[in-house]
Amino acid sequence: MRRLSAEEVHAQKVVELGLDASALDLTSVEAVGGSLRRAASFLCPCTAPTLVRGVVGPLRGLVGDLDAIKVLVEDTLDAMIAHGDILEHRDIEGDGEHGTGAFLYAAPASFISRESGSVIIVGIASDQLTALPDELEKRVEYVKHLRRLTPTPGEDLEAELAELGLVEISYEDWLKVPPVETAAQHLARLDRLLDSAQPSRDVPGLFLLDPARPVHYYRGRWVQPRTQSGRFVARRSQAYGSQLWCYVQLREGNPERLIDLPMPGSRWRGCDEAWRLQLAVDAQRGEPQRCRIRPGPGGTQVLEFFSPVPMWAQRRWDAIGEPVSSSGCLFAYRLADAELSEEVRFVREELWLASITESAR
Numbered sequence: 107m108r109r110l111s112a113e114e115v116h117a118q119k120v121v122e123l124g125l126d127a128s129a130l131d132l133t134s135v136e137a138v139g140g141s142l143r144r145a146a147s148f149l150c151p152c153t154a155p156t157l158v159r160g161v162v163g164p165l166r167g168l169v170g171d172l173d174a175i176k177v178l179v180e181d182t183l184d185a186m187i188a189h190g191d192i193l194e195h196r197d198i199e200g201d202g203e204h205g206t207g208a209f210l211y212a213a214p215a216s217f218i219s220r221e222s223g224s225v226i227i228v229g230i231a232s233d234q235l236t237a238l239p240d241e242l243e244k245r246v247e248y249v250k251h252l253r254r255l256t257p258t259p260g261e262d263l264e265a266e267l268a269e270l271g272l273v274e275i276s277y278e279d280w281l282k283v284p285p286v287e288t289a290a291q292h293l294a295r296l297d298r299l300l301d302s303a304q305p306s307r308d309v310p311g312l313f314l315l316d317p318a319r320p321v322h323y324y325r326g327r328w329v330q331p332r333t334q335s336g337r338f339v340a341r342r343s344q345a346y347g348s349q350l351w352c353y354v355q356l357r358e359g360n361p362e363r364l365i366d367l368p369m370p371g372s373r374w375r376g377c378d379e380a381w382r383l384q385l386a387v388d389a390q391r392g393e394p395q396r397c398r399i400r401p402g403p404g405g406t407q408v409l410e411f412f413s414p415v416p417m418w419a420q421r422r423w424d425a426i427g428e429p430v431s432s433s434g435c436l437f438a439y440r441l442a443d444a445e446l447s448e449e450v451r452f453v454r455e456e457l458w459l460a461s462i463t464e465s466a467r
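Taking the working numbering, the leading residue of the sequence shown gets 107, the next gets one more, and so forth.
Just so you know, the hints here were simulated from the structure itself, not pulled from any lab data.
Bear in mind the structure is a predicted one, so any value in this text is a computation, not a measurement.
Each hint should be verified, as a subset may be incorrect.
Said to hold, decoys possible - With a straight-line Cα cutoff of 25 Å, these simulated DMTMM-like cross-link-like pairs (lysine to aspartate or glutamate) come out:
hint: 1; residue 1: K176; residue 2: E114
hint: 2; residue 1: K250; residue 2: D126
hint: 3; residue 1: K282; residue 2: D424
hint: 4; residue 1: K244; residue 2: D424
hint: 5; residue 1: K282; residue 2: D366
hint: 6; residue 1: K250; residue 2: E114
hint: 7; residue 1: K250; residue 2: E278
hint: 8; residue 1: K250; residue 2: E122
Unchecked claim - Have a look at the derived ranges for each label pair, beta carbon to beta carbon:
hint: 9; residue 1: V121; residue 2: A318; range: 56 to 62 Å
hint: 10; residue 1: R319; residue 2: A268; range: 47 to 53 Å
hint: 11; residue 1: P429; residue 2: S348; range: 22 to 28 Å
hint: 12; residue 1: N360; residue 2: L299; range: 19 to 25 Å
hint: 13; residue 1: K176; residue 2: S128; range: 23 to 29 Å
hint: 14; residue 1: Y346; residue 2: D262; range: 51 to 57 Å
hint: 15; residue 1: C377; residue 2: G434; range: 19 to 25 Å
hint: 16; residue 1: R245; residue 2: Q304; range: 56 to 62 Å
hint: 17; residue 1: C377; residue 2: R245; range: 35 to 41 Å
hint: 18; residue 1: S147; residue 2: T256; range: 23 to 29 Å
hint: 19; residue 1: A174; residue 2: P429; range: 17 to 23 Å
For each residue, glycine too, the CB sits at the ideal point set by N, CA and C.
Input sequences plus hints: build the corresponding full structure.
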């Protein structure tokens with residue numbers, strides 16, 4: 107019997123997860139995601155710490171820094187819960203002594219279709235590594251914790267996957283985006299809430315997003331209140347913790363009333379609501395924020411953004427594209443040519459952005 111080296115164990119286990127051992131090892135996000143899906147098929151329902159231990163424990167002796175791997179596994183698990191591979195539900199009964207807790211469940215093997223014909227694979231096969239036959243599994247593209255599948259010419263992936271027993275999830279249900287509305291409707295709704303807010307004249311540490319400053323330089327739009335009058339997306343300090351996001355009404359630099367973001371009952375972060383509100387403000391002023399489109403390598407397009415966008419928008423691009431470095435912008439994603447038209451429509455209709463197409467450099 108021959109003793110395997112750590113490198114050989116890495117390679118063998120990566121292959122067992124259906125991944126490329128020449129490019130990945132067990133510390134890659136792709137392998138961690140595969141390990142979490144495999145462990146979840148055996149351990150769920152369970153708590154998050156139980157699932158994390160089920161993946162981290164077997165790596166003892168195979169990796170140098172087990173604490174760093176534990177952080178990676180926890181972060182990847184969070185991303186997979188947001189993505190829909192694993193479902194999180196709270197135990198509403200509790201035991202009276204320890205209160206309520208969150209349990210994780212393996213989501214059923216499912217898929218989400220794109221206009222291009224490509225699909226996003228989510229969920230977990232309960233009794234095997236994958237719900238796909240070998241010929242389809244070999245074509246799956248693994249990017250971090252994500253799994254994507256592109257059809258061959260003339261192939262109807264939706265029908266084929268449904269016949270295999272995978273559940274189809276509509277794109278809207280999977281993304282869980284806010285209801286569609288125009289920039290004017292969104293701004294009017296927040297203005298009504300601000301109209302009904304109680305007067306608030308003492309707001310320490312206030313900083314404003316100045317809509318009069320250029321939309322292509324986000325950091326340069328932040329200013330201190332001086333003599334401004336009107337309504338502004340802002341941040342304010344608090345005694346403990348990070349700054350709070352808010353929507354504030356000023357008269358000659360003095361706060362008159364404000365509402366904090368997120369609104370009560372919202373599922374979104376304060377920054378998500380604030381950034382979307384600023385998108386609406388800029389669009390209504392006739393100076394919408396911008397998305398620049400330029401050709402990428404090998405049949406791809408790069409979307410460049412100059413201001414932050416809500417988490418639910420970036421989640422969409424994480425699933426179909428790849429974050430890339432790009433000079434002169436805040437962040438960028440590279441997408442396949444076939445995905446571009448749907449995303450251009452999305453940024454115009456739901457983020458109220460103006461898109462600019464550049465010729466090849």
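**Request:** Give me the numbers of the hints this structure contradicts, sorted from smallest to largest.
**Result:** The structure conflicts with no hint, since it agrees with every one listed earlier.
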